[in-house]
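Novice: Quick note, the sequences are listed as chains F and W, same order.
Residue 285 in the working numbering sits at position 204 of the first sequence, and the numbers go up by one each step.
Residue 1055 in the working numbering sits at position 38 of the second sequence, and the numbers go up by one each step.
If you're looking for bench data, these hints aren't it; they were derived computationally from the structure.
Worth double-checking, as some hints may not be accurate.
What the hints assert, rightly or not - Some chain W residues judged to face chain F by a derived CB distance under 8 Å, without partners named:
#1 1084
#2 1087
#3 1103
#4 1104
#5 1106
Said to hold, decoys possible - Cut-off 27 Å, straight-line C-alpha distance, at most; resulting in silico cross-link-like pairs (DSS-like, lysine-lysine):
#6 F:105 <-> F:232
#7 W:1088 <-> F:303
#8 F:155 <-> W:1088
#9 F:105 <-> F:155
#10 W:1115 <-> F:232
Glycine is no exception: its CB is placed at the ideal position from the N, C-alpha and C atoms.
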Amino acid sequence: MSCLQTISDYGLRSIGYGERILPKTDFTLCEQFTLIGSGLVWNVYFGVFALLCGFVLANAVAMAKASHLAAFRKPAEWFIFVFRGSPLFIQFFLAYEALVLLPRDGIVVFGMIFEVSWLSRAWAGALIVLFLNTAAYSAEIFYGALRSIPKGDLEAADAYGISGWSRFMRIQWPTMMRLAWPAYTNEAIFLFHSTTLVFFSGFPAFGQRGDALYYASYLVDKTFNPFIPYPIVAFYFILLTLALIWTFGAINRRLNRHLPSNERSKIKLRPQIIR
Amino acid sequence: MQLASSEIRQCYRSLFTYTYTPLLFLLGVQDIVYWARELGGAKTSVYAYAHPDWRLYYFLGLLVFYLGMTKLSEVVLTRVQNRLSLGQATAAGEAQRKAAA
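Bound-form chain F, shown alone (with noise of 0.2 Å):
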């Protein structure tokens, strides 16, 4: 079997399209490298669409710690402990053995039917928790960032009579954006990571359709040999990292280009080892 014929028959196999039947003996290189990379699409599918909803989520609720009044901030405040101070696993776990007691025929709402056993399935309830997760982790960052923005700023704002809304989004939220950039990298590098974490969990994988490390873990089963499927794992997942680091990059400049260069702060690597 060419390895053409292959990536044909195992390419799209972790969202169902192509061969139902993995491999079982014999595997090649080009075997594992197209499986793994198959499942790759489900990270890069809760990584991204976990990362856009969870930052529109993080800005209100970095918002709403902020705030003044404390029935805004201590939702926030909640919010953010529950997600940061438990282990992804574990909210993992949990939301699956929630959401599985779910009634099977759909909750009834004024005699219309909601399904909801969709709920259970990986690709809604592992998005829904990656994305909370994300959304208190990235919350505090940009909490922290809206704490350190300059003083002067804010006097400026108050001196030319910029004021409420319109101060929060000329002023505040593009400093606060600028100066949480890096640590939001690192924050979205992570959430990358941490995707490989949902069908260890309680999610299911129904039909063998799982993400990257699903597969590795099933090669490694069939071969005994994990020093080959881990590291085609880790491999794709430095690429994925590259291609993250480029993206948040480029926003990164586009964020400081009103600054000396001298003063333009660069995004490192800092790795987070546990969450």
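Guided by the hints, dock chain W onto chain F, whose structure is given.
Specialist: Relative to chain F, chain W alone:
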């Protein structure tokens, strides 16, 4: 004639499907039969231990422990954070100055 492994697999599969088509296939529950045959009939559950499933209680205990640790570190780090932003020309330092005045 030398057959490629995919062709052999294809042959086996068509042989199987046409000779021993299980009833469930005809009823349209093809996927169950398919995955049952794939994974082996005996392995019905991911969880197979002699004792009941304690994972929920174990993880809830761990959750409480981790939340406690987080609370502890948050208390300490908030003190450090407030101490560090004292007198700084930032929004936080300004808020502290205004609160004190």
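Novice: Starting from the hint list further up, note which numbers the structure goes against and sort them upward.
Specialist: 3, 4, 6, 7, 9
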